[in-house]
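**Student:** Chain residues, written in single-letter form:
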Amino acid sequence: MQYLDTLLIALHDSNLANNVRENELLFPWIESFHILTVSWVMGSIAYVDLRILGLFGLDEDVDSFNKNVLPVTWIAFFLSCVTGAVLFTSNALNYFNNIYFQLKMITLILIGINMFLYQFIFKKKNNPLEDQSFEFAHIKSTKIFCLVSLIGWFVVVVMGRLIGFTLELTLS
Amino acid sequence: MNNTQLLNFCTWLEDTNLSQAIQVNDWIVPLVQIMHIFAVCAVGTSLLLVSMKIFDRFMVRKSLSHTLVRFQAVITPALIVLLLTGSVLIVGEPSRSLANWVFQVKMILLLSAIAIFFGIKKLSHHENRKDQYAFASITSSQKILAGLLLINLVLIIFAGRWIAYT
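Just so you know, the protein sequences line up as chains A and B, in that order.
Counted the way my numbering counts, the first sequence spans residues -15 to 156.
Counted the way my numbering counts, the second sequence spans residues 11 to 176.
In case anyone wonders, no lab produced these hints; they're calculated from the structure.
Incorrect hints may appear among the rest.
Unchecked claim - With a straight-line cut-off of 30 Å between C-alpha atoms, the simulated DSBU-like cross-links for lysine-lysine are: (1) B:Lys153 x A:Lys124; (2) B:Lys72 x A:Lys124; (3) A:Lys51 x B:Lys131; (4) A:Lys107 x B:Lys72; (5) A:Lys107 x A:Lys127; (6) B:Lys72 x A:Lys51; (7) B:Lys153 x A:Lys51.
Since we're looking at a predicted model, the values are computed, not measured.
Use the sequences and the hints to build the structure in full.
**Tutor:** The structure is reproduced here in structure tokens:
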């Protein structure tokens, strides 16, 4: 834990963190950009999940739908990570000790595990060419993965907003 | 309405029972803001995907009018949620919103975004709505409107956050 505190203090004292804290305009701009990209991540993932769950865009092929929407998700996710990391450095110790920030990070890790299990284990295991019963199992299990993803992102956004109401500000 | 009248109206609104109830309850504003954010996600992403369709990056085999109808089914209820939750937030903190120039700019941008969306829809009016595959080519006017829609969308979300800082 001591190493972690040292790291967080080093982040807090970095030039980047000082600039974000001391410049009145920088934090709101980065935060606005973070909200924009997070809204696109949440929205695009919701569309992909709802499509697979059969609740949206049924006349569009799942693969073609995902092929067009997922690049948006990944670009927005990358940008939200970058902006989120910059915001974090500006007040590293307080963010790290905030319960809602911790829950947000834990949920993001769980979402990552869910996606990893689906993409790299479940999809590879269920090869439609080898398994005749693939289709039913695929649809049923895929829907569970999608539901977990939807709930996870819902929690991430809720926690993200609650951080703003509970974070202690450090001005210097 | 001039500035003094607006501030007087804000003061009156702040003193109403409804406003007082919102101010006193610690959970109403966070809860309503969360609902507002989800509606922003729905509208923001829908408008982004509509713009992508116009720039031929999404639902390429479907007509524009078909895509617009599909996303309007999400945008319309989300706009209603935005209106309702936004109203609660305004009643809770009228001075912070109504009297704030960023909020006023945000409302103008929002109205412009809705007008642009319907402008795009009107321009695709000649397409056969019943046949999702019978699409006409996208015109440069529609592409310009889609670009404006995207810029508007980004500015609305930025303005939403900047209300807190001005």
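**Student:** Under the criterion that the straight-line Cα-Cα distance not exceed 30 Å, is the pair Lys153 (chain B), Lys51 (chain A) satisfied?
**Tutor:** 22 Å, holds
**Student:** Holds or violated: Lys72 (chain B) and Lys51 (chain A), Cα atoms, limit 30 Å.
**Tutor:** 15 Å, holds
**Student:** Given the hinted pair Lys153 (chain B) and Lys124 (chain A), is their alpha-carbon gap at most 30 Å?
**Tutor:** The given pair, whose Cα atoms are some 40 Å apart, is violated under the 30 Å limit.
**Student:** Regarding the pair Lys107 (chain A) and Lys72 (chain B), is the alpha-carbon distance no greater than 30 Å?
**Tutor:** 28 Å, holds
**Student:** Take a quick look at whether Lys72 (chain B) and Lys124 (chain A) sit within 30 Å of each other, Cα to Cα.
**Tutor:** Roughly 28 Å between the alpha carbons, so the hint for Lys72 (chain B) and Lys124 (chain A) holds.
**Student:** Given the hinted pair Lys51 (chain A) and Lys131 (chain B), is their Cα-Cα distance within 30 Å?
**Tutor:** 25 Å, holds
**Student:** For the pair we were handed, Lys107 (chain A) and Lys127 (chain A), check the Cα-Cα distance against 30 Å.
**Tutor:** Given that 30 Å is the threshold and the Cα spacing comes to 13 Å, the pair holds.
The earlier numbered hint that this structure contradicts is number 1, and it is the only one.
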